[in-house]
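Asker: Chain B: place on chain A using the hints.
Respectively, the protein sequence lines represent chains A and B. Counting from 1 along the first sequence, just add 36 to a position and that's the residue number in this note's numbering. Counting from 1 along the second sequence, just add 30 to a position and that's the residue number in this note's numbering.
Just so you know, the hints here were simulated from the structure itself, not pulled from any lab data. Any given hint might turn out to be false.
As the list claims (entries may be wrong) - Reference excerpt, derived from the structure (chain A facing chain B, CB under 7 Å, subset only):
#1 I94
#2 G137
#3 G164
#4 H168
#5 S171
We put the CB at the ideal spot given by N, CA and C, even for glycine.
Chain by chain, the residues:
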Amino acid sequence: MRTKIEVNGIRKGFGSNGATLQVVEDVSLTVGDGEFVAIVGPSGCGKTTLMNMIVGFIQPDSGSILIDGAPRAEPKPTGILISQQGSIFPWLTVQQNLMFGLNDHPQADKKGVADHYAAMVGLKGFEGNYPHELSGGMLKRAELARAFAVKPEILYMDEPFSALDALTNLRMRNELLRILAEERHTVMLITHDVEEAIHLADRIMVLSPRPTRIQATFDVGLRHPRKLTSPEVQELRVAILHELGVDRNAG
Amino acid sequence: MKRIRESLPAMAVIAVLLAAWWLIVIETRSVIFPTPWQVVTGTAELIKDGTLWRHIGASLMRVGIGFSLAVLVAVPLGLWLGWVKGAYVTLNPLFQILRPISPIAWIPIAILWFGVGNASPIYLIFISSVFPMIVQTTAGVHTIERRYLRAAQNFGVSRYTLFRQVVIPAVFPQIIVGMRIGLGVAWLVVVAAEMIALRSGLGYLIIDSRNAGNRYDLVIAGMIIIGLIGLLLDGVMRLLESLKSVRWRYAH
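One chain only, chain A, in its complex shape:
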């Protein structure tokens, strides 16, 4: 597998008045082309900071980030971030949101592409609606559709479904897997939900508490569709929770 993302020894600290709080400590990782990698870690461990550096919103203090072998300078539409809070523009309709990143298309084309992806995520009939008229799950669908519409090579997801209720969360995971089966993308998912990581990812990296490092890596190696109640999944879950320092009898 060709390497898509290569992170070499990045560090990041935030400081004021001379006191620096080291948040990310020497993280190195690689993600293969078309691979789905999940990164799990305790809350407050610096997951989001790590993600923002890889996407390009903030710069590491040291270390390098290569995409397709070339240094990544700034965020690009070839790698779209979907965050927990979401960033669907509330002042644009669903269709206008989906057309937002389509700069190079003629106007009529944009509408066609937007409507195609709206239908793909099950938002057909809601193209003219404003975001405040939609439910949380529908907003996530719109966000996925807006990302897929620009055909990004990499999808960065930072706790994308953790603000949703359990049922909608599960439904969105299945939806994501269905779309990924249709359109191949490299995906990097950050989550604190171990079950979500096992459900979706090919490989799972476990982060240590702050300052964060990569503490362990697990290959999932299970075929989709995965049965979350199967013994293999349970075994993996226990192993990851143990790595996270959670008692194996708890949870």
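Answerer: Same frame as chain A, but now just chain B:
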């Protein structure tokens, strides 16, 4: 039906005040202070000879021009100050000093610069409404949530698209708030400005009614009309808040 029921307490208060006013005028046998009925007949007189419409028209024209000029200056300037940190740091202190100066304090300078024609009140309206709108627009830019700016950055849109589809629509609800404040102040100021030197407008009507024979019925008629038109202007501004593209800001 619900609306009528909800407005009942307000109507009752107004009715009680009118009754008290009427009673006190009769009891004290005042020769100058009019009864509510005298105000009504005074208003009818003004309507009949057409002067009321002339005064209302003159005041509205001055507010219309002064306020429109203020919007044209304040919105681009506010966006620029909000977006460019250097501009904000350089100009904001100046605006913070100019802003608390009452428009009334500008009257002598307005007369010096613009004489006693229409230009003076228009200038005063401009000065009074431009600052609140600049402040609101700038604050609007400063409070755009970072996730939206990051999303725009992520999708790599042009500067033009960034402003047209993200910055301006994100600030628009704040601009509307600024316009409501600005128009409210403008209406307050036009009446004060017209009391100084002009021969038309509702402010002139009030001062002239008092000077030319103590016509206090017309003074009060003028005051009530000013209040009602002010309410109407704010209602027009509020219509902007029901636009679909700004509902998100007021929906919760």
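Asker: Next step is simple, just say for each hint if it's right about the structure.
Answerer: Here's how the hints hold up against the structure:
1. I94: With a minimum Cβ separation of about 10 Å from chain B (threshold 7 Å), the hint on I94 of chain A is violated.
2. G137: 4 Å, holds
3. G164: 10 Å, violated
4. H168: At 5 Å from the nearest chain B Cβ, H168 of chain A passes the 7 Å test, so the hint holds.
5. S171: 14 Å, violated
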